[in-house]
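Colleague: Spelled out, the chains give:
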Amino acid sequence: MPSRRVSLAWVGLVPFLLFGLAFLIYPASTILARSFIDKDGGLTLANVFAVFEPSLLDAYGASLQISIVTAIGGAIMGSLLAWAVSMGGLPHSVRSVVVTVSSVAANFGGIPLAFAFITLLGRTGALTKFLTVLGVDLYGLGFSIYSLQGLMLAYLYFQFPLMVLIMLPAFDGLKREWREATASLGGNVVDYWRHVGLPILLPSFLGSTVLLFGNAFGAYATAEALTGSRVDIITRVISRQIRGDVLYNPGLSYALALGMVVILVAAISIYSLLQRRASRWRQ
Amino acid sequence: MDFLILNDLRKLYGSAVAVEQFDLRMSRGEFVSFLGPSGSGKTTTMRMVAGFENPDRGTIVLDGMDITNLQPNKRKVGMVFQSYALFPHLTVRDNIGFGLMLSKMPKAEIGKRVDEMLGLIQMTELGQRFPSQLSGGQQQRVALARAIAPRPQVLLLDEPLSALDAKIRVGLRAEIRAIQQALGITTIYVTHDQEEAMSLSDRVVVMSHGRVEQVGTPYAIYNTPATTFVAGFVGTLNVLQGTLTQTGGDTLRIGSTNVRLATKMEGRKADSLIKFQLRPEAITPHPVTDLPGNPALNYLNARVEGVTFLGAVVRMRVNVNDSPLSVDTFNNPRMPPPQKGDTVQLAFDPGACMSVAAV
Amino acid sequence: MSSKNNPITYWVAVAIVTICALYLIVPLLTQFDFSLRMKRDVLSLDAYVSVFTTKPNAVDPPKFYTSLLFSAGMAVLTIAFSLLVIVPTTFWVNYRLPKFKPVMDLFSVMPFAIPGIVLAFGYLRTYTSPPLALTNTDAGTAFLLVGGYTVGVMPYVYRSVDTGLRAIDIRTLTEAARSLGAGWATVIWKVIMPNLRAAVISASLITFAVAVGEYTLANFLFPDERAFGSYIAAIGRNRIFEPAALTIISYLLVWACVLAVQRIGRGSTQTQTAVIR
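Chains as they are written, first to last, in the numbering used here: chain A, -16 to 266; chain B, 1337 to 1695; chain C, -9 to 267.
A couple of the hints might just be wrong.
Under the rule of at most 30 Å between Cα atoms (straight-line distance), these lysine-lysine pairs were calculated in the DSSO-like manner [what the hints assert, rightly or not]:
hint	chain 1	residue 1	chain 2	residue 2
1	A	158	B	1440
2	C	89	C	180
3	A	158	B	1605
Chain A is faced by these chain C residues, among others (derived, beta-carbon under 10 Å) [stated by the list, open to error]:
hint	residue
4	4
5	20
6	80
7	196
The set of hints was computed from the structure by calculation and includes no laboratory data.
Think of the CB as a built atom: it goes at the ideal place given N, C-alpha and C, for glycine as much as any other residue.
Sequences are here, hints too, so could you generate the full structure?
Modeller: Below you can see the structure in the form of structure tokens.
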């Protein structure tokens, strides 16, 4: 009797499993499988080796660079803002405004974000012109919004607010008693952060940083609208492969997509390793 | 002679008085409880000793040194919090050794001291656990060990047992007292639980609305409460009232019975309403008889409205002349308690009648 | 209670908040200003009027409305589909199959490893040829789009619903309802859902905000630029001031959804984001 009940319980999961199979597992495994199949249907590693071509590696490199820089930059900036709002002694209204604006910014991205940054920092952008009045010629100094650096500035717009939303509860979770216990045991502010505050925040910080990395690594729309063909990040290369623009090689495009998945899976794995080490103490 | 002196402390939050005119002198090794309801200022006073609050007036002197404006981390004051406040990312050992680590004690010595502390709280086997893997009682014992490991001059305990189950509470209470006496550590214990304060302390400070109501031994606080508040807050009290039979006399009329008080009501007119208080255990219930009783005692007839059998103690709710009273007696296996609806005779000593000030 | 607040801490906090606020607000302000400058030397709403009235040809209504309507429809279908798939499953796993929990957690991390563009690529290569040639019809393609969006918002929806479920004692509630004769559908719709109201509405609003402006999946699955995101991109290639107006409109749309979420989820610290990029 109990065994029959259990087997019936699994029936309740069928719709979800079908959904996961159709929209996630099957397409993903198709990409995985076809990365290793040549034009004639035979097994091959040629597609995977083809990824290691300089221009493609550069595209991965640019994607990694922008993702790592904006993940770490966003993580630091977002954590500082979360700290300021949670522990800076500011009025409560500041906190709720920051939370609202951050929620909007974290969900705001894609094409409109690129437009906003072009208006702000394009060659004739508002801030560019303003700085020229002050005697700073951004474009003369080598800056361009249509570059990797420009893209990073735009990505930061949604990266650090996302960090705020994740880190704010973590900062709120630091109990006043921990600070007082540290003080009564002879510790000063530096001791508190070094031995108590930061170690407790570390798991959340690491987890969110990896989330930001993935967030930037998979991004496509903002880059498409902002830098177009001027900066080749990997999502743009894949988009060209999908459209069949250049030297269309189906096997290679599968391997390129697989490469992205491999990097993201590696990021998640590194994260969960770090996380497990840093949060041994959590139940 | 006095080890810790709190002199005329006052703390305001905005215009609200949190603590006022707080004076206390503690000798070395003494265990003093601050007892009062929430908002009475007991925790604020303790936090001023810890250095987490700055007094608006008054001084705190510890072992001859004025520490009123000293930073908390320079005070050598150990603190135990209601919420344990253990560091969740550190093992039991690292928690206990935290203060020693901050004072740059050599590792080997820290290890020895931590072992000693683990033995003291009987948790030698659990040193490598994290706080989340411990019960509430175990966590609070670790918190106690963490606070006393650096050998503080004063130990402060802020409602340390409030978050625990009743049974664990009683056991841990005894453990705290034993450790405190073994180490001879000067201790302030904040609680709203009068039983805890009475059973643990050398002296009790009863507080209400930011002021000290009474300071004294548990015996003195219970038997000679200085104010109505103390009398009501510490233990259960019955209030009875009657009319004075003659001006300045010592006899009240309650219903059709006369009751004698221990003192004369100087300055009170005949027929004026007088209230007095009686502890439940000061009243002895008897079956009603017509036999003359002990002339030294007062007798009142009462109707039994409820009987609660608590084991060693039998608690009765009775009614005297429309006033409800609580009566406690010891269980007597030879004589079952009265039933609801019975009439009993209550006997009590005039000396047990506590007068209510300014009624 | 009073905490001794260090003035240095306070001013550092003020400086951080100010810098971050400028970063978030200035690009929008300049964009708003730019959107009002279509007419030379005066401020006007001409860019907005142009967005609202420019027709693709003589017969069809302005592309702004048709594309917005299309994407809003996709967003609503995504909400329905994701709730239908995720809520009952999350309930069932919490109630009867806690052993399956780690698998659900894994599922809810997987979208993270598969970015939108890879998902789009996978769908196009998997579902364009028989026997599963879904992309041959509009309905089939729309189904793929909705499925893809559902995958994208699943981590967020799953987490909100899971948190909501753990906040109530579903076992007792369910058993009480069952013992009173309720069927499973009644249990879910009349007992569990009302308790998940805030979680479900918040998840729906965020899903809406994200799906309406989504570009990557929509653009690859519907290359005819039918979706709102594709429309915005096309305007960006051809016009100067209208993109600014559209940026402001998109921002207000997200803003409205977030404000509504905060109204509903007062006091909840749930991270309010579901990212499909």
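Colleague: Against each hint, give a clear statement of whether it holds in the structure.
Modeller: Here is what the structure says about each hint:
1. A/158 / B/1440: Judged against 30 Å, a Cα distance of about 25 Å means the pair holds.
2. C/89 / C/180: 26 Å, holds
3. A/158 / B/1605: Distance ~60 Å between residue 158 of chain A and residue 1605 of chain B Cα, so the pair is violated.
4. 4: 7 Å, holds
5. 20: 4 Å, holds
6. 80: At about 9 Å, which falls below the 10 Å cut-off, the nearest Cβ of chain A leaves the hint on residue 80 of chain C intact, so it holds.
7. 196: 7 Å, holds
When each numbered hint is compared with the structure, a violation occurs for hint 3 only.
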